[in-house]
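Same order as they appear, the protein sequences are chains B and V.
Mapping of the first sequence onto the numbering used here: position 46 corresponds to residue 46, and the numbering continues sequentially without gaps.
Mapping of the second sequence onto the numbering used here: position 54 corresponds to residue 54, and the numbering continues sequentially without gaps.
Worth flagging that the hints you see were computed from the coordinates, not collected in a lab.
Where a beta carbon is used, it is the ideal one built from N, C-alpha and C, also for glycine.
It cannot be assumed that every hint is accurate.
Simulated restraints on C-beta separations [as the list claims (entries may be wrong)]:
1. ASN110/B to SER2/V: 58 to 64 Å
2. ASP323/B to GLU65/V: 29 to 35 Å
3. LYS72/V to LEU124/B: 40 to 46 Å
4. ASN78/V to GLU328/B: 26 to 32 Å
5. ASN78/V to HIS145/B: 17 to 23 Å
6. LYS72/V to GLU244/B: 31 to 37 Å
7. ASP25/V to TYR152/B: 35 to 41 Å
8. ASP161/B to ASN78/V: 21 to 27 Å
9. ASN78/V to MET343/B: 48 to 54 Å
10. GLU65/V to THR304/B: 27 to 33 Å
11. SER2/V to LEU226/B: 38 to 44 Å
Example chain B residues on the side facing chain V (calculated, C-beta under 8 Å, incomplete) [to be verified]:
12. ILE291
13. MET295
14. ILE301
15. LEU302
16. THR304
17. LYS307
18. LYS308
19. GLN316
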Amino acid sequence: MIKAQYDCDVLLKNLISQYGYYVDLLSCNEYTIWYLIRQAGVDNFIPVIGTRAFINQEMLIDSDIFILHEDKNIDCIIKNLNEYYHIGIHSYDDKKEDIHSFICKALEKNQFVYTYYDHFYDSLVDGERKHDYHGHPITGYDSKHGLYESIYPDIFLVRVDDMQMMMKHCTKIFNARPYYFYLDMSNAIDVKVIKNHVRQDLLEDCNNIESEWKEEITAFEKYIQLFPSIYDFEEENQVKYVLEQRILFNTILEGVNGNFLLKLQLIQEIFGINTEELRMKFLQNRRKSVIIANMFRKASILVTKDKKYFQQCVIQTINKISDVFIRENENLLMKYVALMKGMV
Amino acid sequence: MSQIYDVIIKILKGYCTSEVGLDTDLFKCGLDSFNAMNVLVEIEKNYNIRFEEDDLDLTWMSTVESIIMKVKCKLEENQ
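This is chain B alone, in the form it adopts within the complex:
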C-alpha cells in the first residue's frame, strides 16, 4: 500500500460543498486541483487570483466554451502556485514512463495525482458502461488488490489496467492539456508565508471581478434579446433547442462561478471583511440554474403534448432567467461594489 498522507477534515474544511465531495459552482476539472493544493499544505485561497469567475457571451452561445475557460483557470492556478510558493507540476509523459510508475512515484513523494476517470473503462462497474468523465485525485495505491484509491470513500476505485485505458482515451480526446499531473514540491517555499504583493494582486483582481461581472450581466441581456422565436421552429428543432438550453443552465451550475466564491473567501482572509452573506446569496442565486434547466426540460416534453402550455413554459423560463441573471445579479453586483469600498 502506498498512500499520500492527508487529514480529510483539514483538507476539506473550507473547500467542499456542504452537500458532498465537490466545490460549489465548479466542475471537477477545476476543483480537483484544489484537493492537490490543500494536501500540499496550502490552506488559503491565494491560487485563485486571476482566474475567470464569470460567464461571458461566448459561453452562452456554446456551452463547450466553459471547458476552455476551465482549462485556462487551471493554468492560471498552476502559474500562481509557482509565483507565490515556487510549487511546480510534474505532468505525465507517456514517452518517459508508464502511467502506473508515474502514479506510484507521486504517491511515494506524498502527493495526490490529478487524473481523469472514465466510467466506460471501469471494469469494476456492473451493467452498461458509457463514457462519463470525472476529474479526481488519486490518493493511494492498494497493491494487494491492484486498485488506485480516491479521496471519495468507496467510489472511484480504479484497477491499474483500467486506468491505463482511461488515460489513453482521455489524453486522446482532451488533447489540449495534460490532465495527469502532481505537484512538484522540490523547490517550494514555506506555504504558510503570504507574499507582500498578494494584497495588491488581489485588489487588481477585484477590479477584474467587477468588469467580468458587468460583462456577464450584458451577456444575459443579449441572450434574452436574441432568444429565437422557437414557436416557428419545426417540432423536432423546438425540442433540440430547449434541450440545448437545459444543458447550458446545468453547465452554469458547475461553471466558472465557483471561483468567485473562493475569491470572496480570500478577500475575507486577506482584508478581514466578512463576505459570508454575499457568498451565501450568490450561491443561492446560481443554484436557481437547476430550476431553469428543469423548466427547459419541461418545455421539451410539452412540445408534442400541449402547444399552449409549451409557449407559457418558455415565456416563464425567459422571465426566470431575466429575474435571476439580470435583476438579482445586478443587486448582487451592487452589494459586491459596496463591499469593495471597505477593502482599501
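Dock chain V against the given chain B, drawing on the hints supplied.
Relative to chain B, chain V alone:
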C-alpha cells in the same frame, strides 16, 4: 392517500428500474432530473394541477411519500 399512491406508483413504473415503496430513494432507482420531469408532467396531467417554477428544484421527488405530500398540497390549493 392510497388512490394517489397507486397513481404515482403506476407513473413511476415507466421510469424506475426496480420496485419502489413509500420511502425508497427514487434517485437511486433510476429516476434522474431528466426523466423526473416526465413524471412531473404526467402528474400534472393526471390531477389537472400545475407545478410552479420553484417546485422544479425536484427535491420533493426523492420518495413516493414526498410526491404524495406535494400532490395533496397542490390539490388543496386548487380547492
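Right, here's what the structure says about each hint:
1. Roughly 59 Å separates the CB atoms of ASN110/B and SER2/V, a value that falls within the hinted 58 to 64 Å.
2. Separation of ASP323/B from GLU65/V is about 32 Å and conforms to the stated range, judged on CB atoms against 29 to 35 Å.
3. Separation of LYS72/V from LEU124/B is about 42 Å and conforms to the stated range, judged on CB atoms against 40 to 46 Å.
4. In this structure the hint that ASN78/V and GLU328/B lie 26 to 32 Å apart at CB holds, the actual value being about 29 Å.
5. For the pair ASN78/V and HIS145/B, the beta carbons lie near 57 Å from each other, so the given range of 17 to 23 Å is not met.
6. Between LYS72/V and GLU244/B the beta carbons are some 36 Å apart, a value that agrees with the proposed interval 31 to 37 Å.
7. In this structure the supplied range 35 to 41 Å is violated for ASP25/V paired with TYR152/B, their Cβ-Cβ distance being about 19 Å.
8. The hint said 21 to 27 Å for the Cβ distance between ASP161/B and ASN78/V, and at roughly 58 Å that hint is violated.
9. In this structure, ASN78/V and MET343/B meet the distance hint of 48 to 54 Å, their C-beta atoms being roughly 51 Å apart.
10. Hint check: GLU65/V to THR304/B, Cβ distance near 31 Å, so the stated range 27 to 33 Å holds.
11. Checked against the given bound of 38 to 44 Å, the beta carbons of SER2/V and LEU226/B, roughly 50 Å apart, lie outside it.
12. Interface hint at ILE291/B: satisfied, since its Cβ lies 5 Å from the closest Cβ of chain V, which is below the 8 Å cut-off.
13. Annotation: MET295/B was flagged as interfacial toward chain V, and the flag holds, the nearest CB pair being 6 Å apart, inside 8 Å.
14. Here the hint on ILE301/B is kept, as its CB sits about 5 Å from the closest CB of chain V, short of 8 Å.
15. Taken as an interface hint, LEU302/B checks out: its beta carbon lies about 7 Å from the nearest beta carbon of chain V, inside 8 Å.
16. Interface hint at THR304/B: violated, since its Cβ lies 11 Å from the closest Cβ of chain V, which is beyond the 8 Å cut-off.
17. For the restraint placing LYS307/B at the interface with chain V, the shortest Cβ-Cβ distance is roughly 14 Å, beyond the 8 Å limit, so the hint is violated.
18. Nearest Cβ of chain V to the Cβ of LYS308/B: about 12 Å, over the 8 Å cut. The hint is violated.
19. For GLN316/B, the shortest C-beta to C-beta distance to chain V is roughly 6 Å, which falls under 8 Å, so the interface hint holds.
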